[in-house]
Each structure stands twice: as structure tokens, then as C-alpha cells.
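Peer 1: Protein chains in written order, with the numbering used here: chain Y, 1 to 173; chain A, 1001 to 1344.
Simulated from the structure, these hints should not be mistaken for laboratory data.
Check each hint, because a few of them may be wrong.
[Said to hold, decoys possible] In the DSS-like style, the derived pairs of lysine-lysine whose C-alpha atoms are separated by at most 30 Å in a straight line are:
#: 1; chain 1: Y; residue 1: Lys39; chain 2: A; residue 2: Lys1341
#: 2; chain 1: Y; residue 1: Lys27; chain 2: A; residue 2: Lys1292
#: 3; chain 1: A; residue 1: Lys1231; chain 2: A; residue 2: Lys1247
#: 4; chain 1: Y; residue 1: Lys27; chain 2: A; residue 2: Lys1341
#: 5; chain 1: A; residue 1: Lys1139; chain 2: Y; residue 2: Lys39
Values in this document were obtained by computation on a predicted structure and should not be read as measured data.
So the chains spell out like this:
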Amino acid sequence: MNLITPDSGLLFWMVIIFGIVFFILWKFGFPIITGMVDKRTEHIDQSLKLAQEAEDRIRNLGVEQQAILDKTKAEQARILKEASDAKKAIIESAKEEASAQAKKILDRAKTEIAAEKEAALMDIRKEVALLSINMAEKVTRRDLSTDEGQMHYIDVLLDELKKGGNPSAPKDN
Amino acid sequence: MAGEPLCAPTKLLAQESEGAATAAQEGDIDVPDIIFSHIMDSYEWHITDWGEHSIAIHLPVILISRNDGITVFSSRHLEGGEEYRGYHIAGTGQKHEGKVVDSEGNRPFDISITKNVLSLMMSSILLLVVILLTARWYKTHDALKEAPRGIAAYMEPIIMMVHNMARESIGEEDYRRFSPYLCMAFLFILLNNFLGIVPFFPGGANLTGNIAITMFLALCTFLTVNLFGTKHYYKDIFAPDVPVLLKPIMPIIEVFSAVMKPVSLTIRLFANMMAGHILILSMVCIIFIMAKYGGVIFGSMTVVSVFFGVFCDMLECLVAFIQAYVFTMLSSIYIGLARQKGEH
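One chain only, chain Y, in its complex shape:
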């Protein structure tokens, strides 16, 4: 049956036509298409890889930024702490100096007051002496201004002392 007998004429044309078409497409058809598509696939793969890398780098950049920020914050805290320490130290030393100064002033004032007091006491003593002399003068009613009188009074007093009497009781005269 010629259904399953290959026809030589058709085979002949098939060889020629298929051969020509295959040759042309092999030279100018398929490799160009597949080559370009493969190149594009490669390009896409590479682009995706690059994008991934860039993304990673951006993510790392964030981490780096965070690190710098943290460092800066630490530095800031350190500086602030130092400043506050310095402040405290300055205040402390100022206080000390002020108290020393105050003590010095106080000491000087004390000595001055003491000197004044001494002077005042001396004045008062002198005054009291004068006053008592005056008073004694008045009490004795005697004029001790002359040498004779003075000598006389002194003799009286000396007598009294010899008798063992009280010098302060010359009023029994």
C-alpha cells in the first residue's frame, strides 16, 4: 500500500527544500534570535545581581550611619559629662577659696577688735585713775598741789601703814 511507502519524489523535494530552509535559518535565523535572547537573559541576570549588591550596600550604609550616629552621641555625652565635672570642680575650688578669704578677713577683724578693745580698756583705765585721783582729792579735801602738803600727806599715810592700818581709810582724819 503506498500509504506507508515513502514517495521518492516527495522525499527529493523535501531534502532540497528542508535543506535550503534549514541552511538559511541556521545561518541567519535561529542563532541570531537565541543569541540575542540569551544575551538579554544574561544582561537581566547581571542587572538583578547589581541591583541586589546596590541594595545591600545601601542597607550597610544605613548601618554605618547608625554607627557614626551612635559614636557621635557617645562623644556628646562624654563632653557633656566632662563639662559638668569641670563645672563642679570650679565651683568647689571657688567655694574653698572664698571660705579661706573669709577666714582671713575674719581673723584680721578679730585682731583689730582685740586691739581696739585693749586701747579702749587703757583709755578707761586712765580715765578711772584720773577720776579716782580727783575723787580722792575731793575726799581728802586737801591740797596736794604744794610740796609741803604732799609731803605731809605722804607722812600721814606712811604712819598709817606702819600702824598697820588700812591705806584706804585715811578718812578718820
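Position chain A against the provided structure of chain Y, taking the given hints into account.
Peer 2: Showing chain A alone in chain Y's frame:
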């Protein structure tokens, strides 16, 4: 398959077989003849009948014989079994039935442009144009910056499917050498399978259901496999690592298997496509057979056969793709096996 062409071959056959033993009565339907006249090659391309007049393309008959040299004439002269320049078409029951023979019944070397050859030429031109246009798109555009458009967008997935199939089966190293052949085989089979399903003029020829075509394609695969086979491939055939007792038997089995591979490729594609055509034609023929059994049966069977005809056509579209895919995939696997390197 429209109804019109059906009557024509019957009449043609009726004319041809005048005086033959199986003379068909006028109006009777000879189903095998209708079907076989459709799936077989012919010297003219019958398009349709217009009343009594049949519209057909008369193709050139080209004969080469030892006595007459090259003879070229139109197949119009051979219509109805007439003899022209000493040649005629052998009738039913004779040797070389349906083929041009000389007066003694011998077959000259016949390279006529038959229906299948014309179909082959047209589909080849179509394939050439489509692929070259696609290639031109890639040449004139920067594929790295533009998405494929137009014809390239249609063809790229198909070509890349075969290309990637070749990569998977043959391996990264040298699949590029074989990918064009596989692309060519796939697109050739796919295009001709689909053209075969189209029931009117540019299609309708049963090219991939012709054993000469499928045999040639399988032969191409066979040659590719065996010409590019590696040392390991041939070692596995002729000196495989098997027990001593099996050593003389293995080469016979392996050679047989190597030869059977293209045979199976040939028959699978041929039988599938031919069977599909027969199936669809049979569905359509049911309508004409039932015509003489009265209105009710005719009407109901028409509905049934139209339904099944549509179903078969859908199925054929699927089969057209599957067969092209299977042929290409098996070819790439055979090539991949022949390209093996070292022990696996």
C-alpha cells in the same frame, strides 16, 4: 472539513475507476476513497466544486526516465486516467495505484510538484519569512533595551522553549550547535501540522502525515545523533561494561535500538497525524452516509457528528502541538545521550 470538497473526490474517483471492478453507483458514498483521497498525495490540488465544474489547481508533472529524459507537463492532461506523452495515472488495483506510470506500467523518477510538494514549498516560505522577520527585529532593535514586539514577541517564546529544551537535554556545553536543528524541526512540524488541519486551500495537505516527510525528519535526527556521537556513546554500543557472556549480544541490541529510534520517530508522527485526519474526515463523512436514512436519523446524526467533528478538531490542535513537541524533545534527548561524556 467542509462539505463541498467531499463530493468531488467521489466523482473524480468514479470517473477514474470507470471500468474497474468496484464501480461506485451514482450518489453512493465510498468513504475509504474520500478519506484516502484526502490524506494521500495527488497531482492536482482540488479546492472545491462549483456546480458541475470542479475548481482545482493543476500542478506540474515532472518526470525523469531513462528513455525520454525530463518530461514536464500539466497534470490537467492526465485527468480522468487519460494518457499524455506516453504517461498515465495508474488506476485502482493496479501496481503504483494513483501514480504516474509509463505505458508499460513502470514508474519513472517522479519529481512532480504534487499537492504535498506545493504545500511544503508554501509552508517553507512562510517559515522562512516568519523566522527571518523575527531575526531582523533582533538585528534592528537593541534587545537589551527593548521588549520584543510584533512578530518577535510571538516567535520568541516558541523558539526559546525549544532552545531551553535543548539546553536541558544536551547540556550547557554544546547545545548551541544543535539548537537550530531542533528549532527547525519543531517549527516545521508544528507549522505543517496546523496547516494540515486547515480545511481549505493553503492548508489541507497531509504533509506531516506522509511517511516520506516524517522519515526524512527522523533520518535527520538519526544522522545528527550518530555523526556527533562521542567515544562514550559508541563504547556503550559496541563495548559496554557488561558480563562477558552478554558482550556479544549487547552490540546487536544496542544497534537495533539505535535504528529503532528513528523508526519510532517516523511512525509516531506519521501515524498520529494521519489518524487525526482520518478521524475528522470520518466524522464529516457520517453526515453524508446518513443522508439516505431519512430526516430524523440524518438530522440527529448531523448534530452528533458536528459535535464530534468540533471535538476532533480541537483534539487535533492539541495533538499538532504535542507531536511537534514530542518529536523535538525525543530528538534532543537522543542527541543528549549521544553527547554524553565519561561515566554517569
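Peer 1: Straight-line Cα separation of Y/Lys27 and A/Lys1292 no greater than 30 Å?
Peer 2: violated (58 Å)
Peer 1: Has the given pair, Y/Lys39 with A/Lys1341, been kept, meaning a C-alpha gap of at most 30 Å?
Peer 2: holds (27 Å)
Peer 1: Check whether the Cα positions of A/Lys1231 and A/Lys1247 lie no farther apart than 30 Å.
Peer 2: holds (18 Å)
Peer 1: Hinted pair, alpha-carbon criterion (30 Å max): Y/Lys27, A/Lys1341. Please report holds or violated.
Peer 2: Holds: Y/Lys27 and A/Lys1341 sit about 28 Å apart, inside 30 Å.
Peer 1: Has the given pair, A/Lys1139 with Y/Lys39, been kept, meaning a C-alpha gap of at most 30 Å?
Peer 2: Holds. A/Lys1139 to Y/Lys39 sits at ~13 Å (cutoff 30 Å).
The structure is inconsistent with hint 2 alone, although it conforms to all the rest.
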